[in-house]
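**Q** Let's have the full structure, built from the sequences with the hints guiding it.
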Amino acid sequence: VGPDVEKACADPKPGSLFLLENLRFHIEEEGKGISPTGEKIKATSENVKTFRESLRKLGDIYVNDAFGTAHRAHSSMLGEGYDQRASGFLLKKELTYFAKALVKPEKPFLAILGGAKVADKIQLIDNLVDKVQEMIIGGGMAFTFLKELKEMRIGNSLYDDEGAKIVKNLMAKAEKNGVEMHLPVDFVTGDRFGENAAVGEGTVESGIPDGWFGLDTGPKSSQQFKEVISRAKTVVWNGPVGVFEFENFSKGTKAVMDAVVDATQKGAITIIGGGDTATCAAKWNTEDKVSHVSTGGGASLELLEGKTLPGVAALSDA
Numbered sequence: 001v002g003p004d005v006e007k008a009c010a011d012p013k014p015g016s017l018f019l020l021e022n023l024r025f026h027i028e029e030e031g032k033g034i035s036p037t038g039e040k041i042k043a044t045s046e047n048v049k050t051f052r053e054s055l056r057k058l059g060d061i062y063v064n065d066a067f068g069t070a071h072r073a074h075s076s077m078l079g080e081g082y083d084q085r086a087s088g089f090l091l092k093k094e095l096t097y098f099a100k101a102l103v104k105p106e107k108p109f110l111a112i113l114g115g116a117k118v119a120d121k122i123q124l125i126d127n128l129v130d131k132v133q134e135m136i137i138g139g140g141m142a143f144t145f146l147k148e149l150k151e152m153r154i155g156n157s158l159y160d161d162e163g164a165k166i167v168k169n170l171m172a173k174a175e176k177n178g179v180e181m182h183l184p185v186d187f188v189t190g191d192r193f194g195e196n197a198a199v200g201e202g203t204v205e206s207g208i209p210d211g212w213f214g215l216d217t218g219p220k221s222s223q224q225f226k227e228v229i230s231r232a233k234t235v236v237w238n239g240p241v242g243v244f245e246f247e248n249f250s251k252g253t254k255a256v257m258d259a260v261v262d263a264t265q266k267g268a269i270t271i272i273g274g275g276d277t278a279t280c281a282a283k284w285n286t287e288d289k290v291s292h293v294s295t296g297g298g299a300s301l302e303l304l305e306g307k308t309l310p311g312v313a314a315l316s317d318a
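Residue 188 in our numbering sits at position 188 of the sequence shown, and the numbers go up by one each step.
I should point out that these hints are in silico values taken from the structure, not numbers from a laboratory.
Glycine included, each C-beta is placed from N, C-alpha and C at the ideal position.
Here are the simulated EDC-like pairs of lysine to aspartate or glutamate, each with C-alpha atoms no more than 16 Å apart in a straight line:
(1) K150 to E205
(2) K104 to D130
(3) K117 to E162
Computed beta-carbon distance windows for the label pairs:
(4) E201 to V63: 50 to 60 Å
(5) D60 to R231: 47 to 57 Å
(6) A198 to F25: 44 to 54 Å
(7) E80 to K13: 22 to 32 Å
(8) Q265 to K220: 19 to 29 Å
(9) L17 to T203: 54 to 64 Å
(10) S35 to D161: 31 to 41 Å
**A** Shown next, in the form of structure tokens:
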């Protein structure tokens with residue numbers, strides 16, 4: 001941004017394209033940043049206003065194709081001052097697929113949720129329990145559910161004190177809505193969190209010994225999850241069910257991926273949320289074997305939580 005860029009964009013040659021520098025190098029994009037000395041700094045409202053006015057001078061039509069940052073109210077996401085605002089093809093594709101899940105999904109609608117902390121997924125679970133018929137809870141957060149609901153011994157596995165407080169409320173809401181909840185029944189364990197950990201096994205009944213970690217779902221869980229996925233017509237998957245980065249603890253997530261691919265081939269709409277789950281799709285070359293792999297981690301999560309994305313709302317107001 002600035003006078004030189006404004007001058008170049010004011011009178012371009014027909015058919016020319018301008019690729020500009022990453023806007024996050026300017027603190028006015030996010031409204032805050034880190035100084036060269038490592039201090040936190042904030043942009044003044046006057047400087048943000050000037051920055052946005054400069055962006056406005058760069059064109060006549062505003063097109064947003066950045067779904068991955070559409071959940072952030074950054075200067076470039078809002079298209080301020082433009083009379084004509086539109087979505088790009090990628091943003092349109094993202095919203096079209098998420099609408100298939102969130103507006104009028106073909107039933108049965110299944111959500112597969114993984115990740116570490118229940119507290120990070122409270123809004124996601126709470127919102128989806130109003131929409132789905134079945135839900136699979138895997139990953140590290142499954143241990144918080146199992147300890148609270150079944151008094152399972154979880155060893156050194158992840159446990160979320162904050163999330164534990166609302167587990168029973170979430171399950172009560174699911175029961176009230178007639179949602180079938182599926183939790184792992186067996187596990188692949190490790191004596192430490194690492195690629196070269198000694199490998200063991202455990203079940204809900206046997207528990208996991210002190211000093212050991214539950215790092216993946218076991219074969220019985222994988223089989224049960226496969227059966228659940230096979231009967232779904234719409235699937236949204238956010239979060240791996242194990243530590244897929246380590247080969248010894250990747251089989252559970254790979255089994256879920258294979259089942260989701262099979263469901264897609266049988267006609268189900270299958271949507272993989274961004275972030276780690278998208279990384280899984282890239283790892284196992286399944287990006288073109290499911291209906292849609294989202295490019296947005298935080299953006300897809302907030303959309304599934306029922307939140308309004310500022311970058312999308314800005315287009316809706318146009």
